[in-house]
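Chemist: Chain by chain, the residues:
2 protein chains.
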Amino acid sequence: MAGTNTALLADLKMDFPAELQRHVRRIERGIDVYLPPGDTRPRRLHEAMRYSLQAGGKRLRPVLLLGAAELFGASDDSALPAAIAIECVHTYSLIHDYLPCMDNDDLRRGRPTAHKAFDEATALLAGDALLTQAFALLATNYTANPALAGALCRELADAAGSRRLIGGQMEDLLAEKKSDATKEELEFIHLNKTAAMIEAALVMGGIIGGADNAGIDTLRRTGRHLGLAFQIIDDVLDATADSATLGKTAGKDAKSGKTTYVRLHGLASSRRIAAEHTQAARAALDLLPGKREFLHALIESMAGRSK
Amino acid sequence: MAGTNTALLADLKMDFPAELQRHVRRIERGIDVYLPPGDTRPRRLHEAMRYSLQAGGKRLRPVLLLGAAELFGASDDSALPAAIAIECVHTYSLIHDYLPCMDNDDLRRGRPTAHKAFDEATALLAGDALLTQAFALLATNYTANPALAGALCRELADAAGSRRLIGGQMEDLLAEKKSDATKEELEFIHLNKTAAMIEAALVMGGIIGGADNAGIDTLRRTGRHLGLAFQIIDDVLDATADSATLGKTAGKDAKSGKTTYVRLHGLASSRRIAAEHTQAARAALDLLPGKREFLHALIESMAGRSK
Numbered sequence: 082m083a084g085t086n087t088a089l090l091a092d093l094k095m096d097f098p099a100e101l102q103r104h105v106r107r108i109e110r111g112i113d114v115y116l117p118p119g120d121t122r123p124r125r126l127h128e129a130m131r132y133s134l135q136a137g138g139k140r141l142r143p144v145l146l147l148g149a150a151e152l153f154g155a156s157d158d159s160a161l162p163a164a165i166a167i168e169c170v171h172t173y174s175l176i177h178d179y180l181p182c183m184d185n186d187d188l189r190r191g192r193p194t195a196h197k198a199f200d201e202a203t204a205l206l207a208g209d210a211l212l213t214q215a216f217a218l219l220a221t222n223y224t225a226n227p228a229l230a231g232a233l234c235r236e237l238a239d240a241a242g243s244r245r246l247i248g249g250q251m252e253d254l255l256a257e258k259k260s261d262a263t264k265e266e267l268e269f270i271h272l273n274k275t276a277a278m279i280e281a282a283l284v285m286g287g288i289i290g291g292a293d294n295a296g297i298d299t300l301r302r303t304g305r306h307l308g309l310a311f312q313i314i315d316d317v318l319d320a321t322a323d324s325a326t327l328g329k330t331a332g333k334d335a336k337s338g339k340t341t342y343v344r345l346h347g348l349a350s351s352r353r354i355a356a357e358h359t360q361a362a363r364a365a366l367d368l369l370p371g372k373r374e375f376l377h378a379l380i381e382s383m384a385g386r387s388k
Numbered sequence: 082m083a084g085t086n087t088a089l090l091a092d093l094k095m096d097f098p099a100e101l102q103r104h105v106r107r108i109e110r111g112i113d114v115y116l117p118p119g120d121t122r123p124r125r126l127h128e129a130m131r132y133s134l135q136a137g138g139k140r141l142r143p144v145l146l147l148g149a150a151e152l153f154g155a156s157d158d159s160a161l162p163a164a165i166a167i168e169c170v171h172t173y174s175l176i177h178d179y180l181p182c183m184d185n186d187d188l189r190r191g192r193p194t195a196h197k198a199f200d201e202a203t204a205l206l207a208g209d210a211l212l213t214q215a216f217a218l219l220a221t222n223y224t225a226n227p228a229l230a231g232a233l234c235r236e237l238a239d240a241a242g243s244r245r246l247i248g249g250q251m252e253d254l255l256a257e258k259k260s261d262a263t264k265e266e267l268e269f270i271h272l273n274k275t276a277a278m279i280e281a282a283l284v285m286g287g288i289i290g291g292a293d294n295a296g297i298d299t300l301r302r303t304g305r306h307l308g309l310a311f312q313i314i315d316d317v318l319d320a321t322a323d324s325a326t327l328g329k330t331a332g333k334d335a336k337s338g339k340t341t342y343v344r345l346h347g348l349a350s351s352r353r354i355a356a357e358h359t360q361a362a363r364a365a366l367d368l369l370p371g372k373r374e375f376l377h378a379l380i381e382s383m384a385g386r387s388k
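Line by line, the protein sequences give chains P and Z. Under the working numbering, read the first sequence as residues 82 to 388, first letter to last. Under the working numbering, read the second sequence as residues 82 to 388, first letter to last.
It should be emphasised that the hints constitute simulated quantities derived from the structure, not laboratory data. In this text, all values refer to a predicted model and were calculated from it rather than measured experimentally. Possibly wrong hints are sitting among the right ones.
Identical copies carry no separate label here, and so any pair may be met within one copy or between two of them.
[To be verified] List of simulated lysine to any residue pairs, SDA-like, C-alpha gap at most 25 Å: (1) Lys258 <-> Pro181; (2) Lys339 <-> Arg124; (3) Lys197 <-> Asn185; (4) Lys197 <-> Met183.
Looking at chain P on its own, in the form it has when it is part of the complex (with noise of 0.2 Å):
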């Protein structure tokens, strides 16, 4: 598989690492941009947002988003603002995830969670200030074209909202109370708690390039799938790598009881399905114009990660 992918990226003609590391850098200091200053009152407060979304990690949903705006046209400068507002999502949803009273997980990538380095009620009011900066974000920096700023918003609004992220946090959290989750079950969780903002990040890129109705289908389908391959390989991962490799603790879904989608489809039959969300991701990315390269390298980066 890995050999696979490093054929495919030397065909590619591209430098993926390279395109991939200018992304990250715009969004790592669009973060420091465009979140309120640490040493601006509340302090605790915007400490903690900015410890949070200063943590590191992929990247993955604003790298996309950039990656989809510029597939069609829209310059990295357009779409910094709304990618930096997804990152928030995804960072308060994660805060939020890791308290005592649902995850309760002390540390993320070997570093104390936000409930960990401050305390309980400052990692709740900063999750809720990332949520909130989100939609601020969008509302704030795109009024030279107020339907661009609403179209944006409702977008966010809808992936992370109830139906979908919130709602795929719900199920999830009630499919861990019970050892006999459905597949049915586990397909709602993927596909909205995590599916959903993958979708988003594309489909938002779409829409600040100027996507039409049919390439917006498109990319909300490629994310889908995208998002479908990358939580069945999240649960892959979880049951065969180490600690050490993953950055968090392995295993941890099957110590406790919880239904994984490895335990109910196999392990052979998870990489294969994965495998098949991925295939289906690449082929509705070839349908899309512009430079698809980056795009479909970071489509094989995520299907060959090991953490």
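Position chain Z relative to chain P; hints supplied.
Modeler: Positioned in the frame of chain P, the structure of chain Z alone reads:
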């Protein structure tokens, strides 16, 4: 004071209770229409959202929004989604504020709070979902006028953000831990934890009604004074009323050792300062066009309230 209010209300030649009732009924119906149905998936999450939003209450913020919109000639229909949006944000902030890691309140208006009626995780997610739903409502229901949708999202995101509503909650939490908060710190808390959303309610109504910049500024000033008066009266009632009248535990602030307005300024001064803010709100309101009777009567009822 109560006598003055009654005389004033009679003078206004408007049936304030009936008018208020009419607005509240529209809001209650709007909540039912603009929230996801309780039987849609995930049911538990949507039930918790509805349980919290349907807990009754004064509906002060949405009523102010409808009143301000009416002042500028907007129809109730056009203002209703925004009115529900602001009530969603208010309710989310209460749900999170009542959580064990924050104020740890089990009862509101004699009814179990969300984390008691459901559980902590569900309450956390229901709060998140209501905040997100507020932006979804604004982004979805004002598409005919995209600039309007954007302006409403911006106003709400600013008022609910880390420098205002959430910032006020953060400093309130920090102040609870010490008994020597300063007048300036308390002012920051009142201005942001309470006045921000009351300002936003009036301003959003004005935006929907097409108010010009001067009108918006005046609405903001009205809301600021009204919000400050409202919060000081809250502190006075906490120190003087009994729990049965308040519908929540009275004297809680004093018992917890928290610095309150009454402790810093004394009871008589607090009452005087509240009255000054009420008067300033009245004066600002008088600079606005349209039929101001309803908002005047609302200000009086807020100043004279006993709970």
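Chemist: Hint by hint, which ones does the structure fall short of?
Modeler: Violated: none.
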